[in-house]
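**Student:** Since the structure of chain A is already known, use the hints to place chains B, C and D on it.
Protein chains in written order, with the working numbering: chain A, 25 to 495; chain B, 25 to 495; chain C, 25 to 495; chain D, 25 to 495.
Simulated from the structure, these hints should not be mistaken for lab results.
You may find that some hints are simply not true.
[Unchecked claim] Straight-line C-alpha distance at most 27 Å; calculated DSS-like pairs for lysine-lysine:
| hint | chain 1 | residue 1 | chain 2 | residue 2 |
| --- | --- | --- | --- | --- |
| 1 | B | LYS78 | C | LYS490 |
| 2 | D | LYS85 | C | LYS363 |
| 3 | C | LYS85 | B | LYS85 |
| 4 | B | LYS78 | B | LYS255 |
| 5 | B | LYS85 | A | LYS363 |
| 6 | B | LYS100 | D | LYS100 |
| 7 | C | LYS85 | B | LYS490 |
| 8 | B | LYS100 | A | LYS363 |
| 9 | C | LYS100 | C | LYS78 |
| 10 | C | LYS363 | D | LYS100 |
| 11 | D | LYS100 | D | LYS85 |
| 12 | D | LYS255 | D | LYS78 |
| 13 | D | LYS78 | D | LYS100 |
| 14 | C | LYS255 | A | LYS100 |
| 15 | B | LYS85 | B | LYS100 |
What follows is the residue order along each chain.
Protein chains: 4
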Amino acid sequence: MTTGMTMDLDKPRDECGLVAVSGSGAAAELAFLGLYALQHRGQESAGIVTVDEKGAPRSHKGMGLVADIFDDATLKGLEGSLAVGHVRYSTAGRSDLRNAQPMLVEYQDQPLMLAHNGNLTNAQELRDRLSREGSIFQTDSDSEAIIHLIARSRRQDHDQKVDDALSQAVGAFSVVVAIGDTIYAARDSRGFRPLVLGRLGEAVIVASETCALDIIGAAYLRDVRPGEVLKIRDGHIEELRPLPPAEPSACLFELVYFARPDSRVWGCSVDSARRKFGRQLAIEHPTEADCVFAVPDSSNSAALGFSETSGVPFEFALIRNHYVGRTFIHPTQAGRDFKVRVKYNPVRETVEGKRCVVVDDSLVRGTTSRGLVTMLREAGAAEVHFRVASPPVRFPCYYGIDMPTREELIGANHTVEEIREHLGVDSLGYLSMEGMHAAVANHGPFCDACWSGDYAAPLVDLMRRKEMQST
Amino acid sequence: MTTGMTMDLDKPRDECGLVAVSGSGAAAELAFLGLYALQHRGQESAGIVTVDEKGAPRSHKGMGLVADIFDDATLKGLEGSLAVGHVRYSTAGRSDLRNAQPMLVEYQDQPLMLAHNGNLTNAQELRDRLSREGSIFQTDSDSEAIIHLIARSRRQDHDQKVDDALSQAVGAFSVVVAIGDTIYAARDSRGFRPLVLGRLGEAVIVASETCALDIIGAAYLRDVRPGEVLKIRDGHIEELRPLPPAEPSACLFELVYFARPDSRVWGCSVDSARRKFGRQLAIEHPTEADCVFAVPDSSNSAALGFSETSGVPFEFALIRNHYVGRTFIHPTQAGRDFKVRVKYNPVRETVEGKRCVVVDDSLVRGTTSRGLVTMLREAGAAEVHFRVASPPVRFPCYYGIDMPTREELIGANHTVEEIREHLGVDSLGYLSMEGMHAAVANHGPFCDACWSGDYAAPLVDLMRRKEMQST
Amino acid sequence: MTTGMTMDLDKPRDECGLVAVSGSGAAAELAFLGLYALQHRGQESAGIVTVDEKGAPRSHKGMGLVADIFDDATLKGLEGSLAVGHVRYSTAGRSDLRNAQPMLVEYQDQPLMLAHNGNLTNAQELRDRLSREGSIFQTDSDSEAIIHLIARSRRQDHDQKVDDALSQAVGAFSVVVAIGDTIYAARDSRGFRPLVLGRLGEAVIVASETCALDIIGAAYLRDVRPGEVLKIRDGHIEELRPLPPAEPSACLFELVYFARPDSRVWGCSVDSARRKFGRQLAIEHPTEADCVFAVPDSSNSAALGFSETSGVPFEFALIRNHYVGRTFIHPTQAGRDFKVRVKYNPVRETVEGKRCVVVDDSLVRGTTSRGLVTMLREAGAAEVHFRVASPPVRFPCYYGIDMPTREELIGANHTVEEIREHLGVDSLGYLSMEGMHAAVANHGPFCDACWSGDYAAPLVDLMRRKEMQST
Amino acid sequence: MTTGMTMDLDKPRDECGLVAVSGSGAAAELAFLGLYALQHRGQESAGIVTVDEKGAPRSHKGMGLVADIFDDATLKGLEGSLAVGHVRYSTAGRSDLRNAQPMLVEYQDQPLMLAHNGNLTNAQELRDRLSREGSIFQTDSDSEAIIHLIARSRRQDHDQKVDDALSQAVGAFSVVVAIGDTIYAARDSRGFRPLVLGRLGEAVIVASETCALDIIGAAYLRDVRPGEVLKIRDGHIEELRPLPPAEPSACLFELVYFARPDSRVWGCSVDSARRKFGRQLAIEHPTEADCVFAVPDSSNSAALGFSETSGVPFEFALIRNHYVGRTFIHPTQAGRDFKVRVKYNPVRETVEGKRCVVVDDSLVRGTTSRGLVTMLREAGAAEVHFRVASPPVRFPCYYGIDMPTREELIGANHTVEEIREHLGVDSLGYLSMEGMHAAVANHGPFCDACWSGDYAAPLVDLMRRKEMQST
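So here's chain A without its partners, still in its complex pose (with noise of 0.2 Å):
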């Protein structure tokens, strides 16, 4: 899988998954499946850290895919009963793997290792004032400011070194830290990112998603809460000092779109959250047509939902090509919607005379859908109406996903009747955020920064950006 074929360029990409062991022997082999099971959270780069029975840490990382990164004989040097492994896109552009996870240092003759999902939204803040006193940085990535902090920290022992830091952190991070033997799992007080624990046997599992636990076989045994810090060592758990509270804001992207459906986020099935957008979305925005159908695979609860409260019958019309690559290749010669073509193809058959529906989860920059489209006519549709599972993204997110910026949010400076026609479809209905809302009415509350422009956590860095700015 490629940066440049695999991931959906139309959709924002989540920026990391993590998964951290305790207890077991078979520490490292279970982290690479939970993170094999958490590769569509991150698809540049992955690592798993362990430490050994002597305490020294062993470490493998790399760039790309968890299956093409380790092997039998990584996976077996990586000895030691507990394990942290994380996979992630990068966010900042720099994409080596001098940023990629877990971080790594060693701290008064111990591994101290940090897995990190979410952004920090006063990482550049702190980092100014850790340079100062005399912190050197490795990386650019604003978990490395975590690490400092507990460094410096002149608190007593671990677990508050652990709290002062956290304590100072804002934004957003599911984070796991791990000294010695010792695993810290914590969510800040907002919530912002997923992080669910587990057991199997003695061993404890924490990781971004209950997917990650179904692969080894591990019962779910409950969401870390917003705020909360577990401290976990050799399978057992204890609950430390929770981090000052706050209004939870579990992300809504989550279920729209990043999270695999056979998971449960938020206490909520994915899958059936999105087959309830759809099937609001029926309700919104009904029409005449002869079939509906996804855009592969992340729509697919969607569609469902939407032909059972439509009525229009469910339909496999277009197909996805799942192998792709490392490279990506630029063909000169092979059309502008080149890149749709190699990722989708219609079932002529199925669409030809027809009237479709076709049901995405999200729109954010609209070219993939419009590519789409177009395909669809030369296919030989009779209409096309466009239905999106989720209202228009209008807003950055500052919470640990990558969004493009503003100007090339399509929903930020267009009209629907604007889209509707860039797109060349018949008809196009976004479900609204009243029906987003509803359709989870029993869950949350959630984060729509994204849609709303509603932030919930201090934008720090950005608000003295902006002033020096002004200045």
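**Tutor:** For chains B, C and D alone, coordinates are given in the frame of chain A:
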């Protein structure tokens, strides 16, 4: 994608896909995209050979996936307006680059290339004779005999030499031979394996399936007919004398499993054929149930057909992980069903407490299916009813499909009741032979040897071996 | 070592070195070490093929240096008591693995291997004839014709077929052919290129130079004689009927430059031959000077000989950097003589203010020499006297040495005075043809075609090409 | 060149070479060439870091040889007019890229780079203190402490911070620190390791040896003095306040073995120093003999000096194979002296029946020498007299040279007579300490700790460890 992980261990494997381009300034690019679309037909090695302006061959081959083997630079180096491309699995176990196709040799100061899908049933006999006469073989491949037959033919010109060579070949071959600037495209008289003809502007395209035409925006002209030999130069197509006629015998497994659902094979939409198999299966093996779902993705169409006819609601209850790598991990602690869990995960909310119908397109060894069933039971399925949208596979294929040996074919050695018990399901139903043929009655006649044991083309080498053993 | 950096651009290049081992449980290891010692004869590719207990071939080849291509694992995989190894340069510019030797084909269900040092002067003629008769060529190499001649021979057994094939080859060949468990080692009737015979315990070793015997501790038995064909099996040596006799014509350039100084070639110590060339050079071109030094390392012996006879003190005034890599850097700012400075640096204290004699073994293009002279002048040399321990190279070699074209041979197009001026030296002296022959009068007769233009073996292909051009 | 094969196992290993360029548009190219010339000082890893126009760092490092690690593309990517380069061996056994230099960190929004030759004797003490204060260490290297000392310094500006840091370092350091566009070059007060200053046009070059200046055609200005701290920006050089003075103590092993013979080290031609060692050796240990020769190449100068004074004719009797690879083969059948034979081969004609004097520059373990002697005996040498152009090595080095442990130092545990017997030679003579010093009496004072055990700089960490053990 890796040999170990991506292939369905429980499925037979096709051996090859091929594409040829004549008369395009972007021949290598088009061949690349064609192979990319045909990746499902062979994931072990891929190659493209072109002939440049000076008549010199340019070749690039590698082990692995198309998108990993080629990049902009290698494609740019493949100059010329004629290209032949090939993807393959190894059959005889020798899986190295030496056997990768297209084969390329110097023949009378011109490059001669060959790409072959199928299997000659008299390959060893030909090889023995040619070796006695002084031919030196470079590969293990049955395909190489065709090259030597051309080179040693006493006939006058290339057209006749190709005819001479193909007339001596017995068994299954959809083949492209290029000599200098000329392409010969042919199918054996029974037409076991597919081959289609397309056009893009001035260029002529030959490919195993229509999806290879779609990806480059080429128009589908028609199938190459059984026994037909076409001569293609600079985009012009000429029909040469056909091979001696025989009763057509198109591979039905292409419709059941191999071909992409968006392809037309045997003049028939693959998706709609599978839909019909599913509908017929619902008629033959109805059951009370709460939901029906596919083993994704190859069984999607059949499962939807089953749902349509039975009225049982269609669901996405099994999620497939497509992020697989080139290496195969063998976890020591991950348990027996690890291989299945790495690939599939059930949506617990969808199956819990439900009477489930699982539809698979075919059943070969039964190992994956058994693991799936265990997984569904653990996720809380109340009942599991297994439905197979084709009859029990009972015989090996000698015409280009890599089947397990008879000992490994669960259908060859067990009754349906025994298999039901082995899988641990509440009921099991296979599509009947009559039902399968009826569903595609407008097409054919078909080869159904792997179900019936009726082999259309003589098994020359097999008979020789048996004679030797009996002597 | 890289093509660009390690080869002396100003030197002709030998094309090959070979080694064969029969009757040793460590055949591949011995072949590896032999190739390692013969690395100077070919640095572009290397390969070893063995025949294992079951008669199956094991092969490993690669581009680059012997020590980079093989490791413990690859050697361990090369099972069997018979091994054939080869190092080579490309001649015709096609420098890919396809042409790497030993060649390996299946021949009547046995592996047939060939390793060749030399160049057939009727290769194209043979190739044309064989192609017309239906042979398929896999490589550009002239050596492949020998394989087809064996395969197509109508003679009775392998001994006769090998004789039949070699009798049709014209030009230079020191060759090893292995069929199954039998090795045939032969030299053409004129014996252009070397081949020696050694024994280590039960094992028989065939190699290009004696240094390949020394490295494994094998005893030198004798040279393979011109026209001789030896059959070696399980350590036993049998002399077959020799090829038709001809006047011997041993390559004198082996003594001048190619062979390692610690080897015995043509029954003569290479070091002492070069010492004699140097002594004779001092007699023919004496000069007043403060020091004499070599262009290291190939000219060391000649420079010491010059010092002995002239009484001018020997010095190490040029230091050679041996750490060279596989890639070639083209600095944009490093100046014209960069390539020379990367390789050599003068010892300023030794040359400053001194009258220097520089001894080189041969002068082909003159580019390196010119750069060296500039460097010595800049280091303060008062006078630079250049002495070449062989006559001016004026003609291309057709017997296995890769010479520049006549246009590039400085000696073919310029008088000694012109060359002196070009190099910018105070005086220039070449060893005379008579002096060179006199120095090695106890050995020979020798081929001196690159100096004299007297070609002993007919240049069949060259004549044919000229005839065609004149028609 | 490989760790295993190319290094003289019987020699101590230098740990590093460095080069820095200021004020050149081709800074990376010049640094590359400089490292290329310094390759003998470290063959395990190499790196270059530049600072581009925008002040951003560009870095490329790799394991292996300079010429293998860099190519045109990587050099082109290393934009900027300031470059720092480094080659190294691992000391503490951790030989991975993480420890490769130059080290690069972000320091107050500027890149800070460090390249270090030498060894701090209080590295662990500094590290312990810095860790307690919250510094996070990324490497095992003693050099990293210097970076943290700079970052944590309370002093005002960069000049003072660098001074502050270096003043706390004890032991041996020739070091280059670059912050933004400024280079600081310094040597410890005793000046254990070399560092020279050169100029090429507007550019200033700092390098370990003068051969790095020669390769780029730069003029040698002078040595950086012991205790001197230079500040270099845009080609301008400024002398800062020197470090506290101490008695100079230049490493004499640089002249004996490490430095290239074409370099000037300690203001002295390396070749002529070695020549003098050889002459003095001939005076101290004369012998009747027919020939004298070197263990090439490092002993060439000494052997020639021995010949001059003794009148015994100089010969090239041992030929060294320079074609070595990156991997190390362990033949199972090749015998005990395999490692020696792979590297050296005697010229039989030169040694057969002769009384031979072998000159080596130093003797550390004695294993290679013993193999050489066996080899010479087998080649027929009548007598073998071994002469070593330095005294017996008896003590480890703590100032930047990687010596075997005392247990492995043959000179530390055996009398000369025992060693003579062990080597199997007819006589053995070492240069005396007095003779060695007398030969270079115009230079110095020198550190001779590895022969005498007189350690000039305090061994802080060693003392601490001993204290801890004794407690």
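**Student:** Now look at each hint and say whether the structure bears it out.
**Tutor:** For each hint, the structure was consulted:
This hinted pair checks out: LYS78(B) and LYS490(C) have alpha carbons roughly 22 Å apart, not beyond 27 Å. A hinted pair counts as satisfied when its Cα atoms are at most 27 Å apart, and LYS85(D) with LYS363(C) qualifies at roughly 23 Å. Under the criterion of a C-alpha separation no larger than 27 Å, the hint pairing LYS85(C) with LYS85(B) is consistent with the structure, at around 17 Å. About 21 Å separates the Cα atoms of LYS78(B) and LYS255(B), which keeps this hinted pair within 27 Å; it holds.
Pair hint LYS85(B) plus LYS363(A) holds up; C-alpha atoms about 23 Å apart against a cutoff of 27 Å. Of the supplied pair hints, the one linking LYS100(B) and LYS100(D) holds, its CA atoms being roughly 23 Å apart against a limit of 27 Å. For the hint pairing LYS85(C) with LYS490(B), the CA-to-CA distance comes to about 38 Å; that exceeds 27 Å, so the pair is violated. Of the supplied pair hints, the one linking LYS100(B) and LYS363(A) holds, its CA atoms being roughly 19 Å apart against a limit of 27 Å.
Of the pairs offered as hints, the one joining LYS100(C) and LYS78(C) holds, with about 16 Å between alpha carbons and a cut-off of 27 Å not exceeded. For the given pair, LYS363(C) sits about 19 Å from LYS100(D) by alpha-carbon distance, which is consistent with the 27 Å threshold. This hinted pair checks out: LYS100(D) and LYS85(D) have alpha carbons roughly 14 Å apart, not beyond 27 Å. For the proposed pair LYS255(D) and LYS78(D), the alpha carbon gap of about 21 Å is at most 27 Å, so the pair holds.
Among the hinted pairs, LYS78(D) with LYS100(D) is consistent with the structure: their alpha-carbon atoms are about 16 Å apart, no more than 27 Å. Taking the CA atoms of LYS255(C) and LYS100(A), the gap is about 50 Å. The hint is violated against a cut of 27 Å. Of the supplied pair hints, the one linking LYS85(B) and LYS100(B) holds, its CA atoms being roughly 14 Å apart against a limit of 27 Å.
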